[in-house]
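A.B. asks: What follows is the residue order along each chain.
Protein chains: 2
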Amino acid sequence: MSDYRAPVKDMRFAMDELAGFRELSRIPGFEEATPDLADAILDEAAKFAGEVLAPLNRIGDTEGCKLGPNGVTTPAGWKEAYAAFSEAGWNGITSPAEFGGQGLPDSLGVAVKEMVCSANLSFSLGPLLTTGAVEALLTCASDELKSVYLEKMITGEWTGTMNLTEPQAGSDLALIRSRAEPQADGSYRVFGQKIFITYGDHDMTDNIVHLVLARLPDAPPGVKGISMFLVPKFLVNADGSLGARNDAHCVSIEHKLGIHASPTCVMAYGDNGGAVGYLLGEPNRGLEYMFIMMNEARLGVGLQGIALGERAYQQALGYARERKQGRDAITGEALVSIDKHPDIRRMLMLMKCRVEACRAMAYYTSGLLDRAHAAGHTEEGKRQLWLAEFMIPIVKGGGTEMGVDVTSLGIQIHGGMGFIEETGAAQHWRDSRITTIYEGTTGIQANDLLFRKLMRDQGATAKLVFGEVYATVKALAASGNPELQAIGQRLGTALKAWTEATEWLAANARSGLSGVLTAAVPYLHLAVTVCGGWLMGKAALAAAGYLDKGEGDQAFYRTKLVTARFYADQLLPQAAAFAETVMAGDCGVPEGVDLFAAD
Amino acid sequence: MSDYRAPVKDMRFAMDELAGFRELSRIPGFEEATPDLADAILDEAAKFAGEVLAPLNRIGDTEGCKLGPNGVTTPAGWKEAYAAFSEAGWNGITSPAEFGGQGLPDSLGVAVKEMVCSANLSFSLGPLLTTGAVEALLTCASDELKSVYLEKMITGEWTGTMNLTEPQAGSDLALIRSRAEPQADGSYRVFGQKIFITYGDHDMTDNIVHLVLARLPDAPPGVKGISMFLVPKFLVNADGSLGARNDAHCVSIEHKLGIHASPTCVMAYGDNGGAVGYLLGEPNRGLEYMFIMMNEARLGVGLQGIALGERAYQQALGYARERKQGRDAITGEALVSIDKHPDIRRMLMLMKCRVEACRAMAYYTSGLLDRAHAAGHTEEGKRQLWLAEFMIPIVKGGGTEMGVDVTSLGIQIHGGMGFIEETGAAQHWRDSRITTIYEGTTGIQANDLLFRKLMRDQGATAKLVFGEVYATVKALAASGNPELQAIGQRLGTALKAWTEATEWLAANARSGLSGVLTAAVPYLHLAVTVCGGWLMGKAALAAAGYLDKGEGDQAFYRTKLVTARFYADQLLPQAAAFAETVMAGDCGVPEGVDLFAAD
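Chains Z and V, in that order, give the protein sequences.
So that you can map any letter, position 350 of the first sequence is 350 in the UniProt record's numbering, and since no number is skipped, the others follow by simple counting.
So that you can map any letter, position 29 of the second sequence is 29 in the UniProt record's numbering, and since no number is skipped, the others follow by simple counting.
FYI, nobody ran anything at the bench for these hints, they're computed from the structure.
Any given hint might turn out to be false.
It does not matter which identical chain is meant; a pair holds if it fits inside one copy or across any two.
[Unchecked claim] In silico DSS-like pairs for lysine-lysine, Cα to Cα no more than 30 angstroms straight-line:
| no. | residue 1 | residue 2 |
| --- | --- | --- |
| 1 | K224 | K324 |
| 2 | K549 | K9 |
| 3 | K340 | K224 |
| 4 | K47 | K79 |
| 5 | K224 | K463 |
| 6 | K474 | K549 |
| 7 | K382 | K474 |
| 8 | K340 | K9 |
| 9 | K382 | K463 |
Here the structure is a predicted model, which means the values were calculated and not measured.
Can you make the complete structure from the sequences, with help from the hints?
C.D. replies: And the structure:
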């Protein structure tokens, strides 16, 4: 068991210096998002996360959810915590005010969401899925469906789920078999089984709103024949009260490696005559609607990796400060706390700087989304949106892979105690392991970056990013500060590796597809490494500015310079290695040879 | 649940081509270790591991061990499997024949041990600890103690344990407080509590032989005042029959992240008047005796990482061949098994080549130990021993870190199913997580490599290794085979990085100790990366030879060339990055600054 104290200072720094939150309140539509409001919200959220949600994290892990005859029961304290969460308005923090949300910008919401994930990942998944479903309804629901469902989901009175996966259809949604039959009254009857449905059932709210992908009778095969349906657990009467129980049931829950308190349900629709459902938007456009939500959901999962990394870092730091072992290698002092040992310090630094770099990427991206949102359907709006969409697989892939690595370092710092479940360090690692899989595996993020985000505009967006990185390299070089210049030199080398690898991919995309495909994940790692170094470089420039002026928390800014330098020395050299791997092509795997034949 | 089929072909290849097993039977003392005998033993061991031990692996995970009033109960089937294991003589395979062992060389035993670990890591730990205790008795026990205990431990009739850790003394044995009081009859009474005692109690044998580190009344403080005692669970009568129950009890067992079926005990000695113990060797030399065993134990744990990587690879490959998802990106064929997808193939190749590279290192090292053993106290014997000792932290650190990475890839290949415990993929990852911690953390291995193995002879042994790697670089370059030359080029670059980093460390060891200390783990990764590439290069040379001659299993040798090339392209570029990180020095961490102050 460990406490969680939200890193408000670093969050605020990332918001102000990297996401451009401070300037946001000057943009029409975000006038209310003032620095003062942000202070108040971050403080309240930090309190709620630390005091209400964090203490339930280990209880959730040990108790888990149970499936009984009346459905799924959440662990002790869950229901009350959820009620308090909704009551305080946290559920709808970035949802539109017209439907009961707070209407706050993503670049503020991102910090609140990180806190909730750090405090209790299993808990956070309910609201995450609900927010996703809300986005879908905002995108494509009729006014009538919106009026019945939206406000209750935004306030958190009801939760939402996303039903994509079927046993035969994991990442490959073309294989979906669930079907929907039109009824005379304009509704549908939905039939099929869905698996891996997060919070598919629970006891925290009176109703659950399932969004289900299924096929209409005349639908074309493949992904172009999938429609989206709203299937409530309880039907809703005309006056808004709950009606009959719908034919949508959780038939089993999974026994998982982690996030034990998040019920992962097998859902059966229509086993008793058909589940009443309502078509969302137009027929056969379900996948398209799903992809609209995907950006936010992937950013959210990237944030989960960051959040678990932060929690693991705090716990490891706390342990290292308390645990006394061995002699100080430099001073010779006997029986020092292990945070004095160089390799423990190295691991703590690695945890800290990798979390901060990924946080910088996630918050920066949320700022892009705010600007895209504010600018709407203009050239500038599109530019910001495409930049955000370019960053999203980097944040998702990078944040989650980092989360697995960093929570593992957290165990390592605990030594043998890290392997004992009571310590709680292992839970973060177990919980993290799903994040590189759900909402699209790391391999899928890499393909998205390479084949969609990079190639859809022939590298135009990528060149914008390269230009931004190069501007940071130049600013660091021009700073006159040797620490910043050292960072700039490493960043410049890493950027060169990234651009070279990108050119290689562009040149080889047609001639050697197999090599380009195997290069995708190393290319993603390369992009993550450079983007992390770039934003740490920007952070260092900002920090150095405050140090020069003697403004603000000087100790915090000094530390930021050191973490940026550490990232540059320890992480940026890997960029060249990833680039070499990308450009190695098809990894020496001759086509058509079954390499695994002997195994 | 997954099957395990021992990779006998690759094991035999590593034994013959890298460990020099084929030549071993010409060395006096190893005449019996003929290729035919090896065939027979590997086949039998493979059968036993696959048919008896592997099916118990998941049962062990789900049932775990229980502590009741009569001590620890192992899971269903454990006791019978252990009896069969001992009966077949597997326990004493490398122990001296004069005490009932098989007296076989390490370079054959290593393959058998790998099989047992792959099949069932929790099971393997009992015999591993027993073998360690046997080594200790062989080193320092009186003839009397040897005659009473050794044969029964070698045959497996009794098991052994190692009792080092105490709550306040983890990696820092100077803090040990357990004490031993001399008695008039020459025995001792031992008092104290020990934690993390693997197989400290169980129901598989009639007796358990605990080796306990404790202090004599007049012992000097610190590590020079620690003695080693033999404390049996049941005293042994003069006729060899079991006597009174000794005052040595398991008081609790840990709830762990993995290896659930290996009981991790808190042991209480002397709570009821004192546990009868016998001094092993001379007073105050306990730590020295412990270090003698350490080589073998660390090699054994490195092997565990390899074994789990192999098991995870087999399971992931099996799943990828069965699971159908998506379209072939190159041929366009619909609904192909996922082993056709480039990124899945990349992950499978990464698993395979990393396991094979680490296997090569471990088996090579066991060959060095055999030669050291055969040559005894000669110059040649010392040279071989020091080479082996140089390799051991590389095998331990490299094999275990690889095991964690590769079992994680195993989960990733399973997608969402990997997160479901029933699949069994997650167990390998959980089990692997202890291996980078026990028998010395990765940080401790790195310090051992740098400050002991590298510096104790001013780099002389390292230069021998560099020379061997260089010889392989030259042979690859001279081969006339473009595949081999490509490998040679990458290996040459990587070797240059390793030598440069080594020279930097030698130059800075005195002036900037802090930087050298933080460089230790990156330096270990560098050594692992290059040694893996070196032995894969040697393997490729051998394979190419057989291909040229048209001898042996041509498909196997062709695959070996590809895995070697894959390793060179995907792993060797990282050597330069690790070297840069090593030479970055103290990672920009100014001394005396509390970087974590804000956290």
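A.B. asks: Each hint needs a verdict: does it hold in this structure or not?
C.D. replies: Against the structure, the hints:
no.	hint	in the structure
1	K224 / K324	between (61 angstroms within a copy, 20 angstroms between copies)
2	K549 / K9	within (19 angstroms within a copy, 67 angstroms between copies)
3	K340 / K224	between (59 angstroms within a copy, 24 angstroms between copies)
4	K47 / K79	within (19 angstroms within a copy, 52 angstroms between copies)
5	K224 / K463	neither (32 angstroms within a copy, 63 angstroms between copies)
6	K474 / K549	within (21 angstroms within a copy, 58 angstroms between copies)
7	K382 / K474	within (27 angstroms within a copy, 55 angstroms between copies)
8	K340 / K9	within (24 angstroms within a copy, 47 angstroms between copies)
9	K382 / K463	within (15 angstroms within a copy, 59 angstroms between copies)
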